[in-house]
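Engineer: The primary structure of each chain is shown beneath.
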Amino acid sequence: MRAEAKALDEFQTEIVVLLPRLRRMARVLARNPADADDLVQVAVERALERRSQWAPGTRLDGWVFRIMKNAWIDETRSRTRKGRVFAPEAEGDRVADDRIASMETRLEASAMERALAALPEEQRLPIALVLIEGLSYKEAAEVLEIPMGTVTSRLVRGRMALMAQFGEGGA
Amino acid sequence: MAVTDEMIMAYADGELDAAGRAEVEAAMAEDVGIAGRIEAHLKLRNTLAGAFGGVLAEPVPERLVAAAKRSLGAKLDNVVELAKFRPKPDKPSGRGVPRWMQGGAIAATLVVGVMVGRVWLTAPTAPMAVGPAGQMAAQGALATALNDQLASSGAGKAVAVGVSFRSAAGQYCRTFQVSQGQGLAGLACREPRGWAIRMAMASPAQAATTGYRTAASETPAPVLDAVQGLISGEPLDAKAEAAAKAAGWRP
Chain A
2 MRAEAKALDE FQTEIVVLLP RLRRMARVLA RNPADADDLV QVAVERALER
52 RSQWAPGTRL DGWVFRIMKN AWIDETRSRT RKGRVFAPEA EGDRVADDRI
102 ASMETRLEAS AMERALAALP EEQRLPIALV LIEGLSYKEA AEVLEIPMGT
152 VTSRLVRGRM ALMAQFGEGG A
Chain B
472 MAVTDEMIMA YADGELDAAG RAEVEAAMAE DVGIAGRIEA HLKLRNTLAG
522 AFGGVLAEPV PERLVAAAKR SLGAKLDNVV ELAKFRPKPD KPSGRGVPRW
572 MQGGAIAATL VVGVMVGRVW LTAPTAPMAV GPAGQMAAQG ALATALNDQL
622 ASSGAGKAVA VGVSFRSAAG QYCRTFQVSQ GQGLAGLACR EPRGWAIRMA
672 MASPAQAATT GYRTAASETP APVLDAVQGL ISGEPLDAKA EAAAKAAGWR
722 P
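In order, the protein sequence lines correspond to chains A and B. The numbers in the first sequence follow our numbering, run straight up by one, and end at 172. The numbers in the second sequence follow our numbering, run straight up by one, and end at 722.
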């Protein structure tokens, strides 16, 4: 019986299948591979605990992305409280630059990764969901829990910034 | 009229409706630069997907796989409490018929408890009923089987009882499988007024199997996980099961 009890059900199997994409999304959020995997772990644990809240027939990836986004917000808030990161607002940029620099050495991140990492989070997330993960604007809005118009305007701002940087035209 | 950056982006992403597309295309005929801007959006999408594609090919750390595979036994109280998910009859089911009911059968998800309620409770011969407090109770053939049937005698019957055991709270609990309709597997515990369903899930694979089967060996994993979360000690052997039945499943 124990062996059978360990058998994965469909839900868990789908989560396992999603893991590479969850890691990719987490790297966009956390911008640092170690933090990103911690974030994936938290998101997976929460997804399993709350599996009853997932509506079958809806996108599981979007649902877990939303859990991950909220876990990341919790994490950054608690870091702020502990003064570990971004304590004084003005230092935020410098700390972010340090993290990007460390990612650069560890990951040999591409120029595009660095450029995305340098964008404000509110633009980074819609870009990752729509351009990397292939969600529609509406689906991205559901993940981010913001209106679709807000997704669109943040998306356009972030993309114009990236395109300007990479000389790929733009306005 | 100039089209906005947002419209050009949405065009590149396939997010515009027919009217919006026509507007962008009309503007494109006037301004050759627009096609270049659309192309820049498409190119950015490719570049970004490529830049972050590497992580997909990396091996996933074992700890993450383990987190996804973790047995839910320890957290079961959060998951299978059916009362929380009891059907709300006054609320139209906005999402329509779930995929698994259309034959595409998701083998085992605990959330199915909700759906099970919705489906079964409308059937005249439903094996479960919702009590006033939202508690789901076994009724009809299921209640009879839970009361009277021994695990050894389930073969070929509409209801098969699997393992019986004592919960940490001292109640007798039994797993069951109903082969009627979509098929149903679950776990019920004996309370003073009857058998309370602690968890239930659609079990279409069981319904597809006709005739003889050994109940315990086909109990779906989520039900077994639920057992692991509730059980105190070992499952009852045949003698203990018969004795518990004789005592009316009263602890």
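Be a bit skeptical, because a hint or two may be false.
In the EDC-like style, the derived pairs of lysine to aspartate or glutamate whose C-alpha atoms are separated by at most 20 Å in a straight line are [said to hold, decoys possible]:
#1 Lys139(A) <-> Asp488(B)
#2 Lys139(A) <-> Glu486(B)
#3 Lys540(B) <-> Glu486(B)
#4 Lys70(A) <-> Glu11(A)
#5 Lys540(B) <-> Asp39(A)
#6 Lys540(B) <-> Asp10(A)
#7 Lys70(A) <-> Asp36(A)
#8 Lys540(B) <-> Asp62(A)
#9 Lys540(B) <-> Asp38(A)
#10 Lys514(B) <-> Glu529(B)
#11 Lys139(A) <-> Asp476(B)
#12 Lys514(B) <-> Glu477(B)
#13 Lys540(B) <-> Glu50(A)
#14 Lys514(B) <-> Asp484(B)
#15 Lys70(A) <-> Glu46(A)
#16 Lys540(B) <-> Glu140(A)
#17 Lys540(B) <-> Glu11(A)
#18 Lys514(B) <-> Glu134(A)
#19 Lys139(A) <-> Asp62(A)
#20 Lys139(A) <-> Asp484(B)
#21 Lys139(A) <-> Glu477(B)
#22 Lys514(B) <-> Asp476(B)
#23 Lys540(B) <-> Glu46(A)
Think of the hints as simulated: they come from the structure by calculation, not from any bench. Since the structure is predicted, the reported quantities are computational estimates derived from the model, not experimental observations.
Engineer: All hints are to be evaluated individually against the structure, with a verdict given for each.
Structural biologist: So, going through the hints one by one against the coordinates:
no. : hint                    : in the structure
1   : Lys139(A) <-> Asp488(B) : holds, 14 Å
2   : Lys139(A) <-> Glu486(B) : holds, 9 Å
3   : Lys540(B) <-> Glu486(B) : violated, 37 Å
4   : Lys70(A) <-> Glu11(A)   : violated, 24 Å
5   : Lys540(B) <-> Asp39(A)  : holds, 16 Å
6   : Lys540(B) <-> Asp10(A)  : holds, 9 Å
7   : Lys70(A) <-> Asp36(A)   : holds, 13 Å
8   : Lys540(B) <-> Asp62(A)  : holds, 17 Å
9   : Lys540(B) <-> Asp38(A)  : holds, 16 Å
10  : Lys514(B) <-> Glu529(B) : violated, 24 Å
11  : Lys139(A) <-> Asp476(B) : holds, 18 Å
12  : Lys514(B) <-> Glu477(B) : holds, 16 Å
13  : Lys540(B) <-> Glu50(A)  : holds, 12 Å
14  : Lys514(B) <-> Asp484(B) : holds, 11 Å
15  : Lys70(A) <-> Glu46(A)   : holds, 14 Å
16  : Lys540(B) <-> Glu140(A) : violated, 27 Å
17  : Lys540(B) <-> Glu11(A)  : holds, 11 Å
18  : Lys514(B) <-> Glu134(A) : holds, 15 Å
19  : Lys139(A) <-> Asp62(A)  : holds, 14 Å
20  : Lys139(A) <-> Asp484(B) : holds, 12 Å
21  : Lys139(A) <-> Glu477(B) : holds, 15 Å
22  : Lys514(B) <-> Asp476(B) : holds, 16 Å
23  : Lys540(B) <-> Glu46(A)  : holds, 10 Å
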